[in-house]
Amino acid sequence: MMTPGMRSIQKWVVYRKDDSGEEVCCVTLEGLARMTRLSTASLRRMKEEGLIAPIRGEDRLFPQETLRRIAKIERLRNQLRIDLGGIEIILNLMDQLERMEREIAALRRERTGR
Amino acid sequence: MAVKFKDYYEVLGVPRTASADEIKKAYRKLARKYHPDLQTGAGKQEAERKFKELNEANEVLSDPKKRAKYDQLGPQWQEGMDFTPPPGAGGARARGEDFRYEGGFEGFEGFGGFSDFFESLFGDTRGGRRRGGGFGRAGAARPMRGSDVESEMELTLEEGVHGAKRRVRLAGQSLCPVCNGRGVVGQQTCPRCGGTGRVVEERDLTVNIPAGARDGDRVRLAGQGEPGENGGPPGDLFIRIRLLPHPRFKILNQNDLETKIEVMPWEAVLGTEVRIQTLDGEGTLKIPAGSRREKRFRLRGKGLPIRGNGRGDLYVRLEINVPARVTPEERRLYEELARLAKENR
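Just so you know, the protein sequences line up as chains C and X, in that order.
Mapping of the first sequence onto the working numbering: position 73 corresponds to residue 73, and the numbering continues sequentially without gaps.
When you read off a place in the second sequence, starting at 1, and then add 114, the result is the number in the working numbering.
Mixed in with the good hints, there may be bad ones.
Stated by the list, open to error - Derived pair list, reagent style EDC-like, types lysine to aspartate or glutamate, alpha-carbon separation capped at 16 Å:
1) 147/X with 160/X
2) 364/X with 329/X
3) 158/X with 101/C
4) 158/X with 95/C
5) 158/X with 98/C
Because the hints were derived from the structure by calculation, they are not lab data.
Work out the full structure, taking the sequences as your base and the hints as a guide.
Below, the structure written as structure tokens:
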């Protein structure tokens, strides 16, 4: 929380309460642009492609973890020259794969009783 | 010191005679296969190691100068052999050669640096290498000072005049404490910042506002801005002072203040002495007999501090308070006054 009387001109870090009432650190679209040195237009394109998503009920406020996701997107884009559409498919498949691996690990533990 | 020889051709799976195009193709194919962001679980760590190796091999073989230097070592060397660099090798950076990634792909610093073998041959590039994380930043290799940040602080007029000490909590960008801004820990992407080298953090700062601060003044907190790039110094934090509107005093110009005082009609006619509030406490103001509405009195030296030279003035504007309700006795006296005034005209 910003101390009363102190107001950042950039205002790119905002705190919002999530469903459990916990304060979550969020970054504005402009803040993301500043920290990643990407243009807001590039970030908007990522949002339109479904690669990054704002928090519920907001249009320009993203959870802090979005920074890590953008880092990954940019690595795939710059290092492997994959376009945003391709990256979306890859990230979805990776998420799916990781979920399945977790499920398999849980099932294994269940079966061995450990 | 002996290091293990690395066969870059073997790493990319190309013959020593391979063309630049063949090297590029081989590299891209393997990069897609071993890219750490495309791996899960236990395979990720091995992929990061392999990816780093590929990156290093590509760095050398895709650059004609470095490739020629590497080829000079001769074909008798094999992967894993103890290697002592020839005299003169490894000094490239020390002599000031500008060493940067120029390959078709972006750098892979996000997944670890170069091997000892590479650095024994081409020099220690740690100081001038691009920070990892994948944000495509061409030419960001030299140390760069962090950006300055500006914030606002609202102060009361009294705080501005007499100075203040305020503790503020500021949310901003800072170097990742885990990887120290490198984006990598050992051979792996930093788990805290995900390779960005930056985290959003809250800091508690104590700000001393000097006496005499005016609206729009800036207080500089050196080194509290955004962190620098590649070991560069951080920027500064500037706090712009905003003076809050005061319920009693109006700022007339840079130095003077204005306030108003109300007196009863007979006080204005007969003259009086009133107590008045200034920025320094209470004082007395003598209202001479026959003072009219809107008359301004000047209290020298009771205004805002003039930088390095005394104080401005406080202007007191007179207002006449006409009673809304009067008692029968007061009414009788006002009627008497009216009659007298008419006779004297």
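Against the structure, the hints come out as follows:
{"no.": "1", "hint": "147/X with 160/X", "in the structure": "holds (12 Å)"}
{"no.": "2", "hint": "364/X with 329/X", "in the structure": "holds (13 Å)"}
{"no.": "3", "hint": "158/X with 101/C", "in the structure": "holds (13 Å)"}
{"no.": "4", "hint": "158/X with 95/C", "in the structure": "holds (14 Å)"}
{"no.": "5", "hint": "158/X with 98/C", "in the structure": "holds (12 Å)"}
The structure meets every hint from the earlier list without exception.
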